[in-house]
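Asks: Letter by letter, the chains look like this.
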Amino acid sequence: MIKPIYIHGKGGISIQPTTEPDYFFDSILPYTQNPIPARDPDYKALIPPLQLRRMNKSMRMAIFTSQLALREANRTTIDAVITGSGLGCLRDSERFVESLLADEGQSLNPTPFIQSTHNMAAAAIALALKCNGYNMTYVNNANSFESALLDGMVYLSEHPDHTILLGAVDELGERTTEFWNIAEYLKQDRPAIPTPLAAAANTPGEIAAEGSTFFVASRQSGPSAAGKVIAVETSLETSPVSFVNQFLQKNELNTGAIDAVLLGYNGDSRYDGIYRGISQALFTGVPCVGFKHILGEYDTVIAAAMALALQLLREQRIPAALQLSGPPPKELTRLLIYTQRRGMNHGLILIER
Amino acid sequence: MSMPGPIAITGMGAISAIGEDVPSNYRSLRISRHGIGPIRQLDTPHRGRLLVGEINMSNEELVEQLGIPSGEAYTRSTLLALLAATEATIGIDLTDGSRTGLISATTVGGMDATERYYEDYLTSETHRHYIPTHPCGYSTEQMARYLGVTDFVTTISTACSSAANAIMLGARMIKGGLLDRAIVGGTDCLSRFTINGFNSLMIYTDGHCRPFDEHRNGLNLGEAAAYLVLERAELVRRQTKTPLAYLSGYGHANDAFHQTASSEDGDGAYLAMKHALEVAQLDASAISYVNAHGTATPNNDLAEGQALLRIFGTPESIPPFSSTKAFTGHTLAAAGAIEAVFSILALQHQEVFANLNFSQPITVLGIVPQTTRLSTEINHVLSNSFGFGGNCSSLLFSSAHD
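Order-wise, the sequence lines are chains X and L. For the first sequence, numbering that gives the first Met the number 0 begins at 0 and goes up steadily by one. For the second sequence, numbering that gives the first Met the number 0 begins at 0 and goes up steadily by one.
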């Protein structure tokens with residue numbers, strides 16, 4: 000059976016300064032645009048310049064954040080790399096489509112084709128670490144990281160002595176953003192970070208962002224462990240309240256056992272009601288924490304929420320900009336993350352101290 | 000902890016350039032009839048220049064056969080996948096209360112629609128309902144709805160080993176107690192993106208691919224979809240069903256050598272096969288047939304050949320092996336699944352399928368694939384799939400008579 004896994008290190012790139020040491024959302028960078036690119040750290044600090052030049056943004060972000068996670072866990076080697084990405088290396092995909100539409104039949108530059116492959120970030124990490132171990136990439140829309148996390152838990156049940164890198168990366172693409180705009184996924188009316196979440200302020204659409212988050216995980220606890228992942232579950236389409244309820248029952252918990260719930264409110268008037276419904280039905284009187292109104296929306300943003308949950312456990316407080324409702328927290332020992340995207344791809348992660 | 004039993008395979012479905020279902024694929028394999036020819040369906044300037052393994056059905060014909068209401072947006076990879084998955088699940092009650100998952104692999108996803116309507120979407124409303132089909136996950140989600148799978152759905156994309164990895168995850172989730180049944184496999188249609196991509200890598204043969212031949216000079220691309228139904232073996236026994244075969248082992252490793260090329264010693268391939276044997280608790284000598292990855296590129300076949308020599312010891316001790324890529328072309332994310340079906344057919348019919356177009360062994364290896372159909376006792380089959388990013392997987396299928 001699947002056992003809890005401990006997280007020993009984490010690293011994250013997002014639209015907030017999450018790469019800065021000790022950053023804990025006490026100051027929030029505001030934006031009034033859509034989409035919002037992730038903040039580029041000084042990649043050269045952790046990636047040799049020659050390699051860096053050839054890497055697309057997903058590969059850079061993934062290598063950089065996996066290095067941050069390894070540093071925090073005080074490790075240089077790893078037994079497996081498991082990643083999730085909703086859309087893979089979008090910019091290179093777009094570049095290659097554009098070059099073939101312009102010059103099909105001619106000899107095209109192969110680099111964007113090679114680097115458009117969805118598993119390139121996981122492969123780049125394996126290459127950088129010379130890791131011959133298990134290497135997997137999930138591309139399941141807004142449940143991609145959850146699949147990677149589940150596989151990581153299965154893998155560590157099979158290999159209880161191993162230590163693995165688990166992570167997620169998603170990048171923005173210019174043309175893809177235009178397509179998502181046409182499909183009315185994105186917020187057109189006064190997009191802002193922090194995104195106003197009050198029901199009255201809501202307008203349709205998401206704020207598109209990007210980012211990468213990586214974790215070092217194993218079955219061993221130990222002083223470096225920031226917390227443990229107890230369970231993860233997904234559902235393509237479901238009735239959200241009963242989905243959460245059944246998950247808690249399966250883990251033999253009642254709602255009172257949850258010290259804070261992280262909900263994926265993103266200011267999209269069409270779908271935020273799902274979170275309100277869960278909050279009202281199950282978690283009245285429980286501190287409610289938001290993250291997408293600060294980090295934007297992308298397929299694997301739940302990985303950033305998991306990093307945040309681990310920080311909450313360590314700091315034992317909720318930054319004012321993140322707490323959406325409920326009383327101030329007492330002790331934070333057990334946190335639940337729930338998110339969905341456009342009414343589908345429901346995901347749950349249960350974290351403990 | 001008791002040893003978990005092997006995983007039973009209780010259904011399979013396939014569509015490729017050599018047949019629109021499993022029986023027709025088998026007929027072609029049996030009479031060594033390949034499916035490589037000029038491009039007929041895909042609209043590209045490479046028509047007339049390249050030989051590929053294309054499925055000779057239009058998207059409209061596929062939609063009609065599946066009974067999908069016209070006007071709904073399904074891309075070609077998904078249509079092929081639905082045909083294969085429908086065949087795989089015939090006679091299996093997906094609503095019997097067993098926890099059922101769908102794990103599908105694709106690299107193309109909805110790219111064929113995106114490349115077709117890349118400019119059109121911006122100016123015309125006609126095809127905009129195809130916009131959401133772009134992500135790989137969308138294809139699997141459409142499959143899940145069509146098949147009625149709700150317990151678990153995910154998508155894997157690890158280049159040319161994707162389907163083997165989907166099959167492996169299904170087995171691991173069943174063994175781990177997370178699922179009772181998994182529909183696993185992969186799909187990739189031909190697209191201008193992949194046709195031009197592999198062209199930019201200068202990796203195509205000028206004719207028909209010649210796996211494991213000294214003068215091999217590249218691959219033919221193909222399209223296919225194939226799915227297996229995996230079930231917990233005790234569950235199958237309880238229902239007194241006879242499985243088609245067992246999935247007794249699987250192994251995975253990363254070559255960690257280069258973005259696209261394999262290491263000369265085939266480290267990743269070697270480790271993948273070694274792990275598969277370990278999981279099955281079998282000695283290499285128990286293997287009766289290897290369905291090789293064998294893309295017929297100079298690099299792959301050399302690396303894979305070295306890995307085979309490392310696993311089996313000497314050229315003489317390598318069991319009969321063949322690459323079936325000369326039949327179907329290299330079908331990318333579907334390759335591991337279509338070749339899983341071929342491996343199961345080899346077990347069911349006790350025959351090794353031919354490695355076509357071979358004339359001269361690779362000098363430095365001295366290994367000779369099986370070049371004609373061979374009837375022989377087959378108990379265990381290894382099936383290899385390797386992909387970009389050093390992603391190497393090997394599956395081990397065993398006869399249902401064990």
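What the hints contain is simulated information worked out from the structure, not anything from laboratory work. Bear in mind that the values here come from a model prediction, so they are computed numbers and not experimental data. Take the hints with a grain of salt, since some may be wrong.
To be verified - As a list, the in silico SDA-like pairs of lysine to any residue whose alpha-carbon atoms are at most 20 Å apart: (1) L:Lys-174 with X:Ser-220; (2) X:Lys-249 with L:Arg-98; (3) L:Lys-174 with L:Leu-234; (4) L:Lys-273 with X:Asp-78; (5) L:Lys-174 with X:Pro-3; (6) X:Lys-2 with L:Gly-176; (7) L:Lys-174 with X:His-161; (8) X:Lys-2 with X:Ser-220; (9) L:Lys-273 with X:Lys-2; (10) L:Lys-174 with X:Glu-157; (11) X:Lys-2 with X:Asn-180; (12) L:Lys-240 with L:Arg-98.
Asks: Which of the listed hints are broken here?
Replies: Of the numbered hints, 1, 9, 11 do not hold.
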